Amino acid sequence: TQLLEQSPQFLSIQEGENLTVYCNSSSVFSSLQWYRQEPGEGPVLLVTVVTGGEVKKLKRLTFQFGDARKDSSLHITAAQPGDTGLYLCHGDTGGFKTIFGAGTRLFVKA
Amino acid sequence: NAGVTQTPKFRVLKTGQSMTLLCAQDMNHEYMYWYRQDPGMGLRLIHYSVGEGTTAKGEVPDGYNVSRLKKQNFLLGLESAAPSQTSVYFCASSYKGSGGIEETQYFGPGTRLLVL
Chain A
1 TQLLEQSPQF LSIQEGENLT VYCNSSSVFS SLQWYRQEPG EGPVLLVTVV TGGEVKKLKR
61 LTFQFGDARK DSSLHITAAQ PGDTGLYLCH GDTGGFKTIF GAGTRLFVKA
Chain B
111 NAGVTQTPKF RVLKTGQSMT LLCAQDMNHE YMYWYRQDPG MGLRLIHYSV GEGTTAKGEV
171 PDGYNVSRLK KQNFLLGLES AAPSQTSVYF CASSYKGSGG IEETQYFGPG TRLLVL
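Order-wise, the sequence lines are chains A and B. Under my numbering, the letters of the first sequence match residues 1 to 110, in that order. Under my numbering, the letters of the second sequence match residues 111 to 226, in that order.
Facing chain B, from chain A, some residues (calculated, C-beta under 8 Å):
#1 GLU41
#2 GLY42
#3 PRO43
#4 LEU88
#5 THR98
#6 PHE100
#7 GLY101
#8 ALA102
#9 GLY103
Since the hints were derived computationally from the structure, they do not count as laboratory data. Computed from a predicted model, the values in this text were never measured in an experiment. C-beta atoms are modelled at their ideal positions from N, C-alpha and C, and glycine is treated no differently.
Just need the whole structure built from these sequences, with the hints factored in.
This is the structure:
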């Protein structure tokens, strides 16, 4: 069974702090995506990383894909209350059976 | 464009009852998916479809059936609901881009199902 393990499962921080969320697997992915989900809504794509070692930045969010394409990290600089939500990583093995991690629930206190 | 819509938004069933969840997308996507989301377990794939008239099993297909008679619609059926099927159900659609890399999965707002 292919697994995507996310850590930490829950994170509560003060506004302005930095944080990193991790997504790890023993499987190799052709691409990996990060989604954010807010309460009562479906997940919304943040970024897709494709190349091993790739780093993408989206304002205060930095995404990195591991060299071996088995893991990824999401770093948020100077977190804001609007960053609160459930962050999900999603691995594409090239087939149609998609794999989601269990998610990291982030709460940013003002 | 409405994107991905799901009906109903919320439903309460008694054990043994049946129901159908409807997903519709207006983006002409080939691929559609049904997931369930439970606390601490992320999104688990129930069934998926790679095109009109085709369906396939995902990670947790037992107790569910699906149909894709039209490209824009993907139906999820529960023939005899059980309390273990209490969950939030999400539908998603996507397409494969050039090079076989999956493009964004677009999700609906979800259906909350409670089975008593």
